[in-house]
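There are 4 protein chains.
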Amino acid sequence: MAKEIRIGLVGYGFMGRTHSNGYKRVGDFFPELQSRPVLQAVCGRTEDKTKAFAEQWGYKSYETDWRKLIARDDIDAVDICTPNDQHAEVAIAAAQAGKMVLCEKPLARTTQESLPMVEAVEKAGVPNTVWYNYRRVPAVTLAKQIIESGKLGKIFHYRANFLQDWTINAELPQGGAALWRLDAAAAGSGVTGDLLAHCIDTAIWLNGSITDVSAVTETFVKERMHTLTGKVEKVGIDDACIFHCHFANGSLGLFESTRYARGHKALYTFEINGEHASIRWDLHDLNRLEYFDHSDESIVRGWRSVHITDGDQPYMKHWWVPGLSIGYEHTFVHQVADFLRSLEQGAPCPPTFRDALETARVCDAVLKSAAERSWQNV
Amino acid sequence: MAKEIRIGLVGYGFMGRTHSNGYKRVGDFFPELQSRPVLQAVCGRTEDKTKAFAEQWGYKSYETDWRKLIARDDIDAVDICTPNDQHAEVAIAAAQAGKMVLCEKPLARTTQESLPMVEAVEKAGVPNTVWYNYRRVPAVTLAKQIIESGKLGKIFHYRANFLQDWTINAELPQGGAALWRLDAAAAGSGVTGDLLAHCIDTAIWLNGSITDVSAVTETFVKERMHTLTGKVEKVGIDDACIFHCHFANGSLGLFESTRYARGHKALYTFEINGEHASIRWDLHDLNRLEYFDHSDESIVRGWRSVHITDGDQPYMKHWWVPGLSIGYEHTFVHQVADFLRSLEQGAPCPPTFRDALETARVCDAVLKSAAERSWQNV
Amino acid sequence: MAKEIRIGLVGYGFMGRTHSNGYKRVGDFFPELQSRPVLQAVCGRTEDKTKAFAEQWGYKSYETDWRKLIARDDIDAVDICTPNDQHAEVAIAAAQAGKMVLCEKPLARTTQESLPMVEAVEKAGVPNTVWYNYRRVPAVTLAKQIIESGKLGKIFHYRANFLQDWTINAELPQGGAALWRLDAAAAGSGVTGDLLAHCIDTAIWLNGSITDVSAVTETFVKERMHTLTGKVEKVGIDDACIFHCHFANGSLGLFESTRYARGHKALYTFEINGEHASIRWDLHDLNRLEYFDHSDESIVRGWRSVHITDGDQPYMKHWWVPGLSIGYEHTFVHQVADFLRSLEQGAPCPPTFRDALETARVCDAVLKSAAERSWQNV
Amino acid sequence: MAKEIRIGLVGYGFMGRTHSNGYKRVGDFFPELQSRPVLQAVCGRTEDKTKAFAEQWGYKSYETDWRKLIARDDIDAVDICTPNDQHAEVAIAAAQAGKMVLCEKPLARTTQESLPMVEAVEKAGVPNTVWYNYRRVPAVTLAKQIIESGKLGKIFHYRANFLQDWTINAELPQGGAALWRLDAAAAGSGVTGDLLAHCIDTAIWLNGSITDVSAVTETFVKERMHTLTGKVEKVGIDDACIFHCHFANGSLGLFESTRYARGHKALYTFEINGEHASIRWDLHDLNRLEYFDHSDESIVRGWRSVHITDGDQPYMKHWWVPGLSIGYEHTFVHQVADFLRSLEQGAPCPPTFRDALETARVCDAVLKSAAERSWQNV
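Chains as they are written, first to last, in our numbering: chain U, 1 to 378; chain P, 1 to 378; chain A, 1 to 378; chain F, 1 to 378.
With the rest of the complex left out, here is chain U (with noise of 0.2 Å):
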């Protein structure tokens, strides 16, 4: 009979849902696991909204107060998927209570304000991981295996971007319920938080640590009507952000995001280039990885587009058959797969708390850098 984990979850937002999603799939598509997801509590502010949530997910109970969910015996792991603001607080009870702790990314605003929140985990010894989803995208994690395998070579290239456009419309407002991403008192940064840590958590994973960076920032939209106050407000958050960096293997970093790339959606896109190889991905076409291979026949060289839908390619063999597809709500059954494993291990869940401060701090020095004009050592 598989462990029962119970899940608590803070919010039922965007990522609520995703986050459901992936507790209740995981059974079907991974029957090896020995333990298993229940949809135990979810945790809002408002109560009709939460209720219902809870109704049409399948929780079996709710809260509208989230030390009350904390304080819960029959919970057993707490997931955060509130704004940004909120991460800190209720990470560290969930802690201090003794909680599993799974926290939807960025880990918290700041890295002063993360740093408490990995001491807390660290000190409490409490499972973690922070769902930069992203690295379990199956084309993704190829690529890792990729890298790993030698395959590259010495690595003199890392390029990352991660282009929307939902925000050209300056009548659009900030701050609420919807729109706490172009709030900074909520959200702590635009872009850089929202996108770019994406983007920073996987070239960490990818190719180590990035040492130092030189940044620029702008805020296309200087004024927005704040949903909460009624008022136009002075908009504090970062609309675009591009870095150049160093990393720690001598290669060099490019990074870009902004919501006003007209065109794209969510165009997440890396490539890296190293002395042998090279690999590319693009969230728009996510179940393809570009790989070229300088080792191939000279004539029949060229950029290889690898559909990632085949049994032996990560994850996969879980899935279908070759050819179809699978898509964004996968990388999170493919997350709450990897944590109930963990558990089943003893092994951290990467990226645990810790992993994620590193993210957070990469993201300081890039807005420090942007604010000061200077390089900045992360």
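Do not take every clue at face value.
Stated by the list, open to error - Selected chain P positions facing chain U (in silico; Cβ < 10 Å):
no. : residue
1   : 25
2   : 27
3   : 28
4   : 29
5   : 52
6   : 55
7   : 56
8   : 110
9   : 111
10  : 115
11  : 283
12  : 287
13  : 310
14  : 320
15  : 327
16  : 329
Stated by the list, open to error - Quick list of simulated restraints, FRET-style, between CB atoms:
no. : chain 1 : residue 1 : chain 2 : residue 2 : range
17  : F       : 14        : U       : 295       : 24 to 30 Å
18  : A       : 249       : P       : 65        : 46 to 52 Å
19  : P       : 144       : A       : 171       : 29 to 35 Å
20  : A       : 171       : P       : 348       : 39 to 45 Å
21  : A       : 211       : F       : 282       : 41 to 47 Å
22  : A       : 98        : F       : 346       : 30 to 36 Å
Said to hold, decoys possible - Think about it this way: if two alpha-carbon atoms lie no more than 30 Å apart in a straight line, the pair counts; the simulated DSS-like pairs of lysine-lysine are:
no. : chain 1 : residue 1 : chain 2 : residue 2
23  : P       : 265       : A       : 222
24  : F       : 123       : F       : 3
25  : P       : 144       : P       : 24
26  : A       : 24        : A       : 317
27  : U       : 24        : U       : 68
28  : P       : 49        : U       : 24
29  : A       : 60        : F       : 51
30  : P       : 3         : U       : 49
31  : P       : 265       : U       : 265
32  : F       : 317       : A       : 265
33  : P       : 151       : A       : 222
34  : F       : 265       : F       : 368
35  : A       : 317       : P       : 154
Bear in mind the hints are in silico, worked out from the structure with no lab data behind them. Glycine residues also receive a C-beta, built at the ideal position from the N, C-alpha and C atoms.
For this one, chain U is given, so just place chains P, A and F on it according to the hints.
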């Protein structure tokens, strides 16, 4: 309270998984539906495997004799996921027992075998549908909407292919649970009933009736070990099939399918060329629709790569946010949702058994044309 | 000192330009050749236009009667760029006069008309070639090399299409200098002789003989104003043609051509699927060859997009540096270079008239098959 | 009768070939021009190679001392194709001799070296242009037209890169005729002056002035054998360079270039994101322009792949028919045509020396920024 539709699933192979997933997920993503499927029972011949499937997917019970399943009062709908040779017998019995019937495609091995199925469901007056799931890829449904809007004008050409490469190895046996698709007795035909049937169903839906066909088939590997008999036996299926045809609207059609196209796993593509616009689509990148509109300003006219992930595109408001893709399995969730909605509305859920009969007729004409080396009317 | 090959060009239309450009550029890029073409004379019916063409392109003289051109002692080679209905008469006369003959494709309107041309050049023993220029796209020549290397193994499938959209407008007239391709009397056939002839030539070159065919043709616009008569007349050409066939090597072939595929300007594509590898190519992106090799390591196996601009790829050492592409017109430079080299070597320059006769036979069989709605042997 | 512009070419390397081809072809394809270039003389240091080049390309004469070439009365225009370190001296002397001056890019090694060149041509009042040839790729010129039409609205982002992989091999020497681009003394800089200069020229043309920059450079291979000295010497050039910047119009810029991006031969790409539309382009597929227009109907909105081969697109009426592509070398034909037309019109032919000075200033600021690890104003 949602009305329960108690499902009895016959067969627990690949299609048993896709359908089960459809039933389990529909409520989470289509909460507006007033009915919901309940996984009441699964039926298979081998008890231990059937039981294991029931446990993994959460079926309340299991049977090893489909007649018992059909006889149960607590089953509202019978879903047939067996090899093709069993579709007719099960479907007819289910209809006669007053059950709703959902049948995996193709309807049966031949038109002759299919016709009594149509008559049975119509005589019984039971809701029925056939799982030609590719109609419900959002991009394909959008293609239907665009065509119906009149944007294409008069149609000149329709072409489709379905290319695979998984049977090139001559050592692959035929027959048995895993490889019944290579066994003519179980499958009826090879690529014609398996793959071209999909292409034909979509084509008729998008472009209307096919009137006459001229076909060629080939069996590249003439003999294979038979899993059930243990002997090398003649291969009775078509490994490849090509046909051209006329549609009733005056356009020319071209279809090709094979399991010997090295490099293609499940490359189902179609293209339709109209007087004013054209559309094409490809299963390997199923979230994209290519669209060309001659009314665009000439200097910037080109094929548009439309990434189908926005809320105003078919089905997508039920899933994530723009840029975040879905996969193959979602087509089955969509079909379940549409089936449930059709029950609420008292309307048929296309393709019905009768709709699928037309596809069977085209398949029969194709196979006869190939056998007789002559044009055949449908 | 390079030996001069004095060219007499008959016809100064689109093909007259492409050939002239080929003659003028070959020396700059193939300096190792020991002979060089000289633009001795161009011949056309309309004196002022012929003279203007001669001046623009640097022909030393012009004629308005092709018989006079052929009679001139200072002409070594006659290059035929007229509409199809004049190919035979000019070519036969040129051969009888002992001239080398270069003939634009197709050889003539029919096999019957082509056969005496073959006999004439063979009887006269004069060098001859037909401008099926797409063989000499570097990517296509590379495909030939790859196939000959045995990388593909046994061939299962060959498919090609040539899709255009320029005659959709029913107001477009037929006939005359600009639109003789729509006039059956001048062209012989429609897309079959114009476009499919290219596809068939390449196919035979890459995959060997075609043994039998089953075809369908369509004329979507039944009547068009005739430029020469000023009257609305029946359209005698095929607007679209589809056929499937067997190759002598046991593979299945599939060909389609049309001028009614909205969105495609000159989309000539082919794909060949072998046991071990596959190749595909597309004229719109002619510097790329797609190559799939099943012997690649499975987790990183995919279609390679090979950018054919390196010095070790066919013809490319004569041009620029890696990454810098060439275009359509270079195919004609290559054919001139190969023709001159063949003269030096005393070898034929394929496709010869005899080679092109095989394409004519397939075209005839295709048109007969379509007319009689039956398979035809070639 | 066309007026003759007698060309004196200095240098016969790769660029000598591209320019010569431009001069020789322009008359065939731009017959409306009232002047035509004449290949009067080529100048090089090594007599036998210079003579051979003259014979191959049809230059009437040759020189081995560029001062003699400039002194000749029968030379109207001096075209400079030498390594960068000789540009200034030759150009200034040519201008002082009253010759028109066409100079290969970059103008010189530094702004300091470039400024007297600008002053010399302006003082002499001679026509002058710099061969930033990529402006005249039809797709790039079309981008300029689209931007000027106002379709993009306010610009938010401009990004470009130029990625190559040809110097990864550490055994490759530096210096000499073939590899002067790796020798800082001859080239001035590495990828900045060689590749980024192209990107900057296009960017300024399309998006206006760059005001300040923040850059990083890297030299991955620190020492290489020097061809001229025969000794292993320090590599003085930048192997890679990345910078971000502000444009005067308020948009953010991002540029990257390297010769260590395995898999890319000459991947020059740019993308510009405006409020209403975006454009991107890629040298490897130079006949295509990607265009996204937010005003398209939402359900069929997507990036358009525009194949630039139609007569109403820039330069294309001079070439073939829709669908038939041109290549890299045509950009030089276009520049010759535009230069000749500018002479007829008495107008400058951009980019002039003064235009190119702005690119030099940006390059200098980039290199200084990288050296000093600080933002630099241009």
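Which of the stated hints cannot be reconciled with the structure, identified by number in ascending sequence? Of the numbered hints, 8, 9, 10, 22, 23, 35 do not hold.
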